[in-house]
Amino acid sequence: MTDMTQLLPWIVLTPFAGAALLLLVGRWLAGRSGLVMAATAVASFSMAAWMFASTQGSLAPFLNWAWMPELNIAFALHGDPFGLFFTLLVSGIGLLISIYSMAYVTPMEPGRMGRYYATLTAFMAAMIGIALADDLMLLFVFWEITSITSFLLIGYWYEQEGAKKGALTALQVTALGGLVMMVGFILIGQVAGTFSLHVLYTEPQRLEALTHSPLFTAAMVLVLLGAMTKSAQFPFQFWLPGAMVAPTPVSAYLHAATMVKAGIFLMGRMLPVFGENPWWSPILISIGLLTFFLGAYQAFLQTDLKAILARTTVSTLGLITLIYGLHEAGQDALQILNHAAYKGSLFLVAGIVEHATHTRDLRKLGGLRKAMPITFILCLLAAISMSGLPPFFGYLAKETLYDGLLTNEILSQWPAVQKFTIAVSVLTNAFVFAVGLKLVFGIFLGRKPDDLEHVHDATPGLWIPTGVLAAMTLILGLLPGVTSGLVSGFSSEEHTHLHLALIPHHAGPAILSLVTITLGVILYNLQNIIERAHKLIALLPTAQSVWDKLLGATNSLATAYSSRWQSGSLSWYLSGCLAFLVGLVVLALWRGGVNPEHIRTSLSEMPWYGLVLCVLLSIASIAIVRARTRLEAAILSTAIGFTVSTLFVVYRSPDILLTQILIETVSTIFVLLILIFMPAFKKRDPISTLRKGWHLAVSIAVGGVVTLLLLLSMSPQFRETANLGAGYLQRSPAQGGGANAVNVIIVDIRATDTNGEITVLVVVGLCVYGLLRARRPHDRSEMHRADS
Amino acid sequence: MTPQTLGNSPILRTVCRFAVPLTVLVSLKIFWQGHNLPGGGFIAGAMAAAAGAMYLMAFGAAKASRIAWWKFSVVGLLCSLTTGTVPLLMGKAYMDHTFLNFHLPLLGHQHIPTAVFFDLGVFLIVLGTLMTIFVELGLEER
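So the sequences go chain by chain: A and B.
Anchor point for the first sequence: position 688 equals 688 in the numbering used here, and the numbering is continuous, going up by one each time.
Anchor point for the second sequence: position 59 equals 59 in the numbering used here, and the numbering is continuous, going up by one each time.
Do not take every clue at face value.
What the hints assert, rightly or not - Beta-carbon label-pair distances, calculated as ranges:
no.	chain 1	residue 1	chain 2	residue 2	range
1	A	629	B	63	24 to 32 Å
2	A	621	B	18	31 to 39 Å
3	B	37	A	675	31 to 39 Å
4	B	63	A	753	33 to 41 Å
5	A	557	B	37	52 to 60 Å
FYI, nobody ran anything at the bench for these hints, they're computed from the structure.
Every residue gets a Cβ at the ideal spot worked out from N, C-alpha and C, and that includes glycine.
Based on the provided sequences and hints, a complete structural model is requested.
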């Protein structure tokens, strides 16, 4: 099995390498970048398929590279069947999408095409990472990469306001959920002492520690919030329709087939960990059922093709959440694969239709059956599978669902809940059935609008990938035996044996299916009535508007806060900083306890010329406060600076003397250069007494505290206990090879501090450059030239 | 001294023809002696910037802006960071300095602490950043 373990990281790293390559050479490859993505998808797919085939029935390969051992975080991957299933799904559909994209995405600037495929490939890599990650922190990292790449891909047409808003909302919701999820992971790690899923599954005492912890439910809710935001579960479902502004291949790949399934994939991963929690089932059943129904109902009311598909996607995600809530994990792979196949192909059909007709609005479409025969057949296959008719894959999935609902152990404890769940499921599936009718009739049958005269069918690059998925819906349905083995082996629950068959074993599911179909036809014919009834419900606040209000409130709170504290007044900033400093020093002195005897007030060590300098300093300080112009103040402050430097002659410290003189020189030049831009002192401006008092208080406090500190530092006791200088003087020749201790401190002993300071300095310099240049119009063109 | 009057004084110009090169030389000397005597990259950088400021006052901001001063800062930062990172790659602590011993023709045996390269970065950054700010302020029009 060692060779399989060696293979494991490459399934993840190959697409990442492809993405990095595309970032470098994508500009030159332009539209052909899709080939690189296709190649990495094939590589990952075949490696994962080989691994699945050769490890069946034996222990799953497990790889553990040290990453941050101090924090118990490892680069650990785990090739179990459910993870490999997800990998196959992601890379397989990734391959189809890369082919489809090359035919679909209109050629743009080569740089943008390269970036598009690089982002898409990085997304694929991160999704495979989520599928195979064993370490929860590693999973979180991949999770965030998918959020970011999704943001970039939704905002592909970033010139459009809608694309920007959709991308931002998606990022806000999923990234927020991701962070919440991380907190949940940290709780698991703290309580169970491991981030490894593999360890959590196999070492019962770890799980027990978690189960008995008071944080058990908190961790579960946090992790579920992450999963539910990603998978667009109620009440976070609103970001998904907004994300449909992305190019259609992106919508099909990220927002139908893979990324939104990351959330439910995580639920599957977490079922063995949290399944015993008494809140697991109630939360997931209620949210799943609500999302399941709302999605299908809203889809039925939409007229935009992608909006319809987005809502039905939300619906199916709710269904899978429901399944996990019911502990029916055995059918997760079945439902996921079913949805990926029919919804993926429907999205691609929507893309083909939009490509050919330049509209996605059902009201403007119709009668395309003759003009687009291939697309019509593919759409028909996918729609029938979605509607759950035999002998399609969707039929098997729906029968299994009904069977599960009828026999579920959790539901059978509460017959009323069971009846309600079954009723809602039947109604929802009826809506889905009606949506299928709406799609086929709306696009391909009926009267053809006049402006669609010259519509042609899809090119092979578009219909082949679509056809592969559409064919899957039929083939997997026609071979229930093969399909049973496949989806049972892939499911997150071990030792699953689903018995799928085209001829029902029991009467129950078959009757429910018949009811569903009848109801679906009725609903389709009642479309107008339902739309009118919906206008009443539409008055309720939508999740999107609540979210927007929440964001708006956060923004205005932040604005109010910053305009109070960040007023832009330098005197306010300065006095605030100084007051804080005084507070800190006073606190330290108070805690340390000041012995008044230590304060030396004798000036006997000071030579007479030192005293003269002190008198000069005092005169200049008093004069600066009374200065009438800024120039006067600048000259006086320079005078103070140079007088202070001279004081260092008295104390025989040439190094600081030199530094101080140079700094004074440089800052004087600086002040002179900006003086012209400063407004004159406004003497007559009334400064409130309160503000004057505040300034006076801060000045006195700073002066007093600094004086006190200096006097204390001169005392012999202080010198003995905190004699830093001597230590540095000893260390600097030995360690730094220099007799100048000050410089050795700067460049050697405390070099990392200096490192930070010089970085800040460079950033400040570049900011001044950028800000001042940007203000000058004729320089801006120069900056552009310098860029290119 | 205002931005408008920069570069208008013949007396200052004459003085600066001598004073600027001299100040630069002194700053280099101060930089080089920094490890054992008062000096070092920070002070030397400030002194070189003072020389640059003199030039700016004597000959005007436009002439002083012919050099892209911000590049000094960036090169300096790269220099300092590289000096810090090399020991890391050699399995030692970040910013762990050592000595370079080598012979140069005419100059004889050299014993140079690698900290000098870090200090050179500091020198370039202080010079580059101060000059960037001076020149950009000097270019501002009221």
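Problem set entry | Index of numbered hints that the structure contradicts, given in increasing order | none
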